[in-house]
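J.: Spelled out, the chains give:
There are 2 protein chains.
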Amino acid sequence: MKKNVLIIGAGGVAQVVAHKCAQNNDVLGDIHIASRTKAKCDKIIASVHEKKALKQPGVLEGHALDALDIEATKALIQKTGAEIVINVGTAFLNMSVLRACMDTGVAYIDTAIHEEPGKICETPPWYGNYEWKRAAECEEKGITAILGAGFDPGVVNAYAKLAKDEYLDKVTDVDIVDINAGSHGRYFATNFDPEINFREFTGVVYSWQNGQWQTNKMFEIGKEYDLPVVGKRKAYLCGHDEVHSLAKNMDGADVRFWMGFGDHYINVFTVLKSIGLLSEQPVKLAEGQEVVPLKVVKACLPDPASLAPDYEGKTCIGDYVKGLKDGKEKTVFIYNVADHKEAYEEVGSQGISYTAGVPPVAAAMLIATGEWDVKRMANVEELPPKPFINLLNRIGLPTRIQDENGDRPVSFD
Amino acid sequence: MKKNVLIIGAGGVAQVVAHKCAQNNDVLGDIHIASRTKAKCDKIIASVHEKKALKQPGVLEGHALDALDIEATKALIQKTGAEIVINVGTAFLNMSVLRACMDTGVAYIDTAIHEEPGKICETPPWYGNYEWKRAAECEEKGITAILGAGFDPGVVNAYAKLAKDEYLDKVTDVDIVDINAGSHGRYFATNFDPEINFREFTGVVYSWQNGQWQTNKMFEIGKEYDLPVVGKRKAYLCGHDEVHSLAKNMDGADVRFWMGFGDHYINVFTVLKSIGLLSEQPVKLAEGQEVVPLKVVKACLPDPASLAPDYEGKTCIGDYVKGLKDGKEKTVFIYNVADHKEAYEEVGSQGISYTAGVPPVAAAMLIATGEWDVKRMANVEELPPKPFINLLNRIGLPTRIQDENGDRPVSFD
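If you're matching them up, the sequences are chains V and G in order. Using full-length UniProt numbering, the letters of the first sequence map in sequence onto residues 1 to 413. Using full-length UniProt numbering, the letters of the second sequence map in sequence onto residues 1 to 413.
Hints listed in this document are in silico derivations from the structure and should not be mistaken for laboratory results. Just so you know, not all the hints are guaranteed correct.
Identical chains share a label here; the pair holds if one copy fits it or two copies do between them.
No more than 27 Å apart at the CA atoms, straight line, and that leaves these computed lysine-lysine pairs for DSS-like [said to hold, decoys possible]:
id : residue 1 : residue 2
1  : K314      : K328
2  : K386      : K2
3  : K133      : K223
4  : K284      : K232
5  : K141      : K170
6  : K119      : K55
7  : K43       : K284
8  : K248      : K43
9  : K284      : K40
10 : K328      : K141
11 : K119      : K284
12 : K2        : K298
13 : K170      : K40
14 : K170      : K386
15 : K3        : K273
16 : K40       : K273
17 : K273      : K284
18 : K133      : K38
19 : K232      : K248
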């Protein structure tokens, strides 16, 4: 039984994580939140108290922390007695926070692949450049490190594994589709940290097809999907974290990631990218100042957390998994539908933050109860999916399936 | 006879000014170029020598200067013996350079209204906020200061005055139309300093109508013009410098400025502006750095001077001046057509820089010969237009007119 959680980060996803940890503090114990700006932690804590989210009386504390500072992070882990760290800070922090966890012997969970500020779209598989280099050491030291345990990556990895285990004899294609049919009423905004969001799309698009990495340009390949609840939506082949682990773990099946974009998003993205404003490389201003354009775009765009009060509509994220069952072709679509307004009412965040923030709490609970406390580094599809899906059903992200037998909930209780 | 010219600035317009001064150094004497970066002056000087532009052997020198430093500017004026300063640096420099000229007793020419970095679209008339406050002192000290002596403002002001003097008994409407039908082959670029260019359009649009200032939004009012050479083009009501002096000097006629924009420009502008990237006000990045977004956009966009080698096509800029002649309604269109490629071949700059850079040299020559050495501050329409138009005909910007008698050159030789 591991107990006591340290949450790294204090954005929209951290808000969800804090609320969900509070709702399950009988399992998780003390809750600590750390961010460079302690005031952001305090705001989240106030929101948790306002919603009376703590299931039972317990510790809920904020801390100022620069999580790039490994020694400071180790000291905070030790001071708080946290045995599980949920890292939902910027993706630039992963390797520092992971190191701090490995050195202090506590469990690590994140929701996105590590990134270095000056690099985008590195050589695939992306996990191989950073996290997986620590796998042997985790195994040796018995460290549980669960990588990419948000929704996508995360729950969609579990869906792929579930399809393989439960519904198909052989998987040939995994097509992950992420549609946000919600509306925030702003001219333009990203649902995640704009810096991380745009960095996903400014480089080359990697997919795993015919046993090798294929490259495309962003918005080069589009496809219309007709999904439950959100209906017909145009989605585009994109690079995304989960492709880089599923390529290894799905017995050679093709793995593609599709994200829905409206014409307005594509136009704004195209203008910004064409001018060079999405670049992660610094430019020199006439006055001599060196600035990363993407960071300025981020500063100009709305804080994703600020979208929550006005956000309406649904998200639909799931996996079309195709293969053979009893010698015949079969496709299942395993998915979740989330609602922006319901998310806001429950935890004060919009639906995208909700879908990203609930799963790492489920992962933490499975570590706390021992089911996922695997004492090694693992991507989500390397872990048993059923307890994860059952738990998500209970804590806010129900799973459904569509196949030749219709559309129905998925549960293994 | 005033002699010896100091050019402030070393961008695309300064390049034209230097070449044209060189071509007329029998009238203008020594030529000095000053910029923060002396290497940019040296590059212009090399280009002048390469084209063998100096009419007769003479001084052509570059100097490092921060023209916001009034004492340094005064020292350079004295050291060089310049009696005419042509200020084609950024519009933020005007008041410093003008002060240096007033203190040293030399003539001043500029091509745009003074601007303060943190302010855009101030209360009209814009000249009243800065330059005109120095008019009495110029008069008292006998300083010749010619404001806005580029093409627009500048030549178009002379066209308005010419229409009033020569072709109409009473002027009711001055509609200045600026169409660049050229193509630079880049995704997006501005023809002038992007910072100054965008600052023209991010605020309210002022026009002078029915004896008062009228405000509109940018791109709110569009109109199709059918112009000589460039044909049918959509132009939009914009704020622009010349409206702010012509409103005073055209006996109460309506004064509007129209600039041609393609849909692509409008789309890019709208995206950048809507996101806040054209703001002149600093934003704070997540890391704490303070940055003016517009300066980052400037750094990302092509240097306007770099467009010249590939620029093709024509510009057409002129004045529709409407009024009464012999009791009947009459409209004249007085205009110039310039060619990007010809400009580049002659002086190494594109056509927009050419139309902006030739007129201040004509003004300098008219000061040198005494015709415009008026010993006071003046906007161009307050000076005799004929010698200016005659000189422009000779040095590269021929004037034509369209009216009920057809389309023909304008000359008073």
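J.: All the hints need checking, so say for each whether the structure fits it.
T.: Now for the hints, and whether the structure bears them out:
Taking the closest pair of Cα atoms, K314 and K328 never come within 27 Å of each other, the shortest separation being 34 Å inside a single copy and 66 Å across copies. With identical chains, the CA atoms of K386 and K2 are at most 27 Å apart within one copy only, with a shortest distance of 20 Å there and 90 Å across copies. Proximity of K133 to K223 under the C-alpha cut-off of 27 Å is found in neither arrangement, the shortest distances being 35 Å within a copy and 63 Å between copies. For a Cα distance limit of 27 Å, the shortest separation of K284 from K232 qualifies neither inside one copy, at 44 Å, nor across copies, at 40 Å.
In this assembly of identical chains, the alpha carbons of K141 and K170 never lie at most 27 Å apart, being 35 Å within a copy and 93 Å across copies at closest. In this assembly of identical chains, K119 and K55 lie within 27 Å of each other by CA distance neither inside one copy nor across copies; the values are 42 Å within and 53 Å between. Taking identical chains as interchangeable, the C-alpha atoms of K43 and K284 lie at most 27 Å apart only when they sit on different chains, with a minimum of 20 Å there against 36 Å within one chain. For the homomeric pair K248 and K43, neither the shortest alpha-carbon distance inside one copy (41 Å) nor that between copies (56 Å) is at most 27 Å.
For the homomeric pair K284 and K40, the shortest alpha-carbon distance between copies (17 Å) is at most 27 Å, but the shortest distance inside one copy (32 Å) is not. When the C-alpha separation of K328 and K141 is checked against a cutoff of 27 Å, the pair qualifies neither within a copy, at 44 Å, nor between copies, at 97 Å. Proximity of K119 to K284 under the C-alpha cut-off of 27 Å is found in both arrangements, the shortest distances being 18 Å within a copy and 23 Å between copies. Neither within a single protomer nor between protomers do K2 and K298 lie at most 27 Å apart by alpha-carbon distance, with minima of 37 Å and 53 Å respectively.
For the identical chains of this complex, K170 and K40 are neighbours neither inside a copy (47 Å) nor across copies (66 Å), given an alpha-carbon limit of 27 Å. In the homo-oligomer, the alpha carbons of K170 and K386 lie at most 27 Å apart inside one protomer (19 Å), although the nearest pairing across protomers, at 87 Å, exceeds that limit. In the homo-oligomer, the alpha carbons of K3 and K273 never lie at most 27 Å apart, since the shortest distance is 45 Å inside one protomer and 49 Å across protomers. When the C-alpha separation of K40 and K273 is checked against a cutoff of 27 Å, the pair qualifies neither within a copy, at 31 Å, nor between copies, at 29 Å.
Taking CA atoms no more than 27 Å apart as the test, K273 paired with K284 passes in both settings, with 18 Å inside one copy and 21 Å between copies. When the C-alpha separation of K133 and K38 is checked against a cutoff of 27 Å, the pair qualifies neither within a copy, at 32 Å, nor between copies, at 50 Å. When the C-alpha separation of K232 and K248 is checked against a cutoff of 27 Å, the pair qualifies neither within a copy, at 31 Å, nor between copies, at 59 Å.
In summary, the numbered hints that this structure violates are 1, 3, 4, 5, 6, 8, 10, 12, 13, 15, 16, 18, 19.
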